[in-house]
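Protein chains: 2
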Amino acid sequence: MITPRVLKGFRDSMPDLMMIKKDLISRLERVFESFGFVPIDTPALEYTEILLGKGGGDTDKQIYRFMHGDRDIALRYDLTVPLARFVAEHYNELSFPFKRYHIGPVWRGENTQKGRYREFYQCDFDILGTESQASDLEILIMIKNGFDALNLGLYQINVNNRRILNALLTKLGLSERYGDVLRIIDKIYKIGKDKVLEELGQIGVDQTLSDKILSILNIQSGEKSTGFKGDEIFSNLNRLKDEIGAESNQPVLDLIRLFEIIREMGMLDKFVFNPAITRGLDYYTGIVFECFIEDRREFGSVCSGGRYDNLTGLYSKNPVSGVGGSFGLDRLLGLMEDKKILDKVQTKTKILIFNLDDRFVGSYFKLAEELRSAGIPAEVVYDKGKIGNQFKLAEKKWIPFVLIAGEDEFKNSRYNLKDIQSGQEEKSLNTAEIIERIRRVL
Amino acid sequence: MITPRVLKGFRDSMPDLMMIKKDLISRLERVFESFGFVPIDTPALEYTEILLGKGGGDTDKQIYRFMHGDRDIALRYDLTVPLARFVAEHYNELSFPFKRYHIGPVWRGENTQKGRYREFYQCDFDILGTESQASDLEILIMIKNGFDALNLGLYQINVNNRRILNALLTKLGLSERYGDVLRIIDKIYKIGKDKVLEELGQIGVDQTLSDKILSILNIQSGEKSTGFKGDEIFSNLNRLKDEIGAESNQPVLDLIRLFEIIREMGMLDKFVFNPAITRGLDYYTGIVFECFIEDRREFGSVCSGGRYDNLTGLYSKNPVSGVGGSFGLDRLLGLMEDKKILDKVQTKTKILIFNLDDRFVGSYFKLAEELRSAGIPAEVVYDKGKIGNQFKLAEKKWIPFVLIAGEDEFKNSRYNLKDIQSGQEEKSLNTAEIIERIRRVL
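Residue numbers (the working numbering), protein chains in the order written: chain A, 1 to 442; chain B, 1001 to 1442.
Worth double-checking, as some hints may not be accurate.
Which chain B residues face chain A? A few, computed with CB under 8 Å, are given here [said to hold, decoys possible]:
id, residue
1, I1002
2, L1007
3, P1015
4, M1018
5, A1088
6, R1100
7, E1119
8, F1120
9, A1134
10, L1150
11, L1314
12, K1366
13, Y1382
14, K1386
15, K1396
16, W1398
For the record, the hints were derived by calculation from the structure and aren't laboratory data. Even for Gly, the Cβ is constructed at its ideal location relative to N, Cα and C.
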């Protein structure tokens, strides 16, 4: 006999969790579609050369790679590289701006830790083929609608623009050090401020400059900055505008305009200007964003992304820029678990039809069909059994109503309905009355 | 530069096809849930020993198998083996009868042919842990509701019970030959009747017996039988009942009862008794079924399955019987393509808001938000451009309405709406009127 077990770092999705996950996904899909985003899918397997094109060191080690016949293939480890391949391959079939979303599993053979799995879902959305600032705005509004639909508590959308740091470094005569500075600053929450100053010193940025950069980025200590809200957004951006000077402060002016429209739309309370958000080693070149659920900031960003210049560069001579992000579905599920707002319901069934007599199985199923056509999920107990056990079944699965009918009831087409939670029983209802009664609580 | 390409036998899902596929899936999910079925998921990767436990010859060759560290792992090639492993592993967490559905991709490295891919979706549904005939009935009613929801034309649910052939062979003194006879008969549509008679002869079944078996199975020629409908169902089952005799005709009596309830429920016109349906080498032990869309019978069965005795035998000492089946999603999509009933719509967007002036971007997005909160998917043109190009964009994406607004319109909060297909323009509508106008055609 073979021991039934899943691979280390993998897990089954049990029905209760799966129902919640599907619910989250369908809420987000509805939001994406309300903005005209369309779904795509790409194969789980790709040529390894496609996936490793970017040559990230960690990726190389984590990727599930193998030979199939003489083909070197691998499981996708994110949805971004497949998107780049997709857009390059179908460039002539697509019309731009192309707004797509893609929700699906990815695989990474990384060391497992609490709450991290080797198979997890990504939920990506991007607008491709436009540099319009309106597309940056649209992405941010869509994220706001996404969080409103998810309904997980207060949230903050932290926005920055990488070109601001770039302009600042140019102003300070450090434009060629952009990548290094970014890489070092990104480590501040891991290695602390002193070590960052030391490393910046090693690449030739003196203490005065370093202090200036950190102060402007609002990274004063090893604590994560929560950014600026409301009017402070504009005062800080205006300060930056002057600091950088007219020659190269266009990125600041753009961000001011973006926040002005957000204020005009009455959404400013959901947004934060946070110059400390840099998205580390990622390939972003314009706006960047990270989002937090306010009372679970320790869970980290649950939706991140930004604008990039050239998604398709590895695969095509047609450069495609875009803006997009990703909701962290598994992180959201973990957060819901932590907040104890996971639903206990084990089924969508609203009514269990008891089986008092096997002769009436046809009638029970017919009743169930009538309820289903009225949009009410209904189940029939397969075999006659003790009525106590049938009640227990309803309770165990959190089914709110049971319907009890035998010979007399079918003679009159009037049935008995019991509300499991209140214990209240209503006798002699016809089907229309039952439907109306259940709809009241749906 | 790396050539952007997918692996042989794989394909990307473009938005138009993906929207239809998601629509099919969500129709089926709603049906499954209306019967109290719950979703599960299992990892794409399993230990190879789990997947090859059944030791099917073809499977061995087709499976994507590789080493990861010192683990011998493989991609799932169906959703049945993972279900068996799942039920055995979580036996004590589940309550039976357990009704689950599972929709997801599986991988088989088989030789590619037209319309067959190495990655495809399965859509399985099963009731586990009960031998009740009511569960057989429920599966069949659910399939009927599934086809009604898919709305792909007239369909036929062909039902048989394998135990009838078994009883018949027992009656004819051939009970030990059951497996061989089944295997040979299953080939009749490939190798023809004469060859089948020859092979049956080789295992010791003489011509008289063979003729009798084939006649009862209603396999008179190499043509696929379409089975018996309406009253013929009952006359043929009654004939079989007498033929087999009271000692072992319980399976026939069960099937008569099943069809009687189906008739009582007014669904008999969707069902066929087809003794030629045997499901070949599969592991079924009770009812078996195959379903066809009437005007596309050549596409083969688009939903198949049956009852089995012991799903978990390889992994557990707790035998779990059940009944279930699978909708062939990719076959359904191919069939829709063939029937030319694939939708041309490229987006769910119902209205495109033109951009006449970049100063109003905030107002355009605000309008879009109002429409979205009324449930109307809306898009904004990012940048001011020629109005002719904005019309072309709407036409290209089959967006039914456009909204045109500039300075005067925003002053009065009254906008111009144009129906793209009719060309009709309505001037000076407020938001409520626009919503009402679009809802009329939604």
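Right, here's what the structure says about each hint:
1. Against a cut-off of 8 Å between C-beta atoms, the interface hint on I1002 (chain B) holds, since the closest Cβ of chain A lies about 5 Å away.
2. Because the smallest distance between the Cβ of L1007 (chain B) and any Cβ of chain A comes to about 6 Å, under 8 Å, the interface hint for this residue holds.
3. Against a cut-off of 8 Å between C-beta atoms, the interface hint on P1015 (chain B) holds, since the closest Cβ of chain A lies about 4 Å away.
4. A hinted interface residue such as M1018 (chain B) counts as satisfied when its beta carbon comes closer than 8 Å to some beta carbon of chain A; here the least separation is about 4 Å, so the hint holds.
5. The interface hint given for A1088 (chain B) holds, since its Cβ lies 4 Å from the closest Cβ of chain A, which is under the 8 Å cut-off.
6. Because the closest C-beta pair between R1100 (chain B) and chain A is about 7 Å apart, less than 8 Å, the hint holds.
7. Checking E1119 (chain B) against chain A: minimum C-beta separation of about 5 Å stays under 8 Å; hint holds.
8. A hinted interface residue such as F1120 (chain B) counts as satisfied when its beta carbon comes closer than 8 Å to some beta carbon of chain A; here the least separation is about 11 Å, so the hint is violated.
9. A distance limit of 8 Å between C-beta atoms decides the matter here; for A1134 (chain B) the minimum to chain A is near 4 Å, and the interface restraint holds.
10. For L1150 (chain B), the shortest C-beta to C-beta distance to chain A is roughly 16 Å, which exceeds 8 Å, and the interface hint is violated.
11. The interface hint given for L1314 (chain B) holds, since its Cβ lies 6 Å from the closest Cβ of chain A, which is under the 8 Å cut-off.
12. Interface restraint check for K1366 (chain B): the shortest CB-CB distance to chain A comes to about 5 Å, inside 8 Å, so the restraint holds.
13. With a least beta-carbon distance of about 4 Å to chain A, the hint placing Y1382 (chain B) at the interface is held under the 8 Å criterion.
14. With a cut of 8 Å, the hint placing K1386 (chain B) at the interface with chain A is violated, because the nearest CB-to-CB distance is about 16 Å.
15. Of the supplied interface hints, the one on K1396 (chain B) holds, with its beta-carbon coming within about 6 Å of a beta-carbon of chain A, less than 8 Å.
16. Taking 8 Å as the C-beta contact cut-off toward chain A, the hint placing W1398 (chain B) at the interface is violated, the least distance being around 12 Å.
Going down the numbered hints, you'll see the structure goes against 8, 10, 14, 16, while the others check out.
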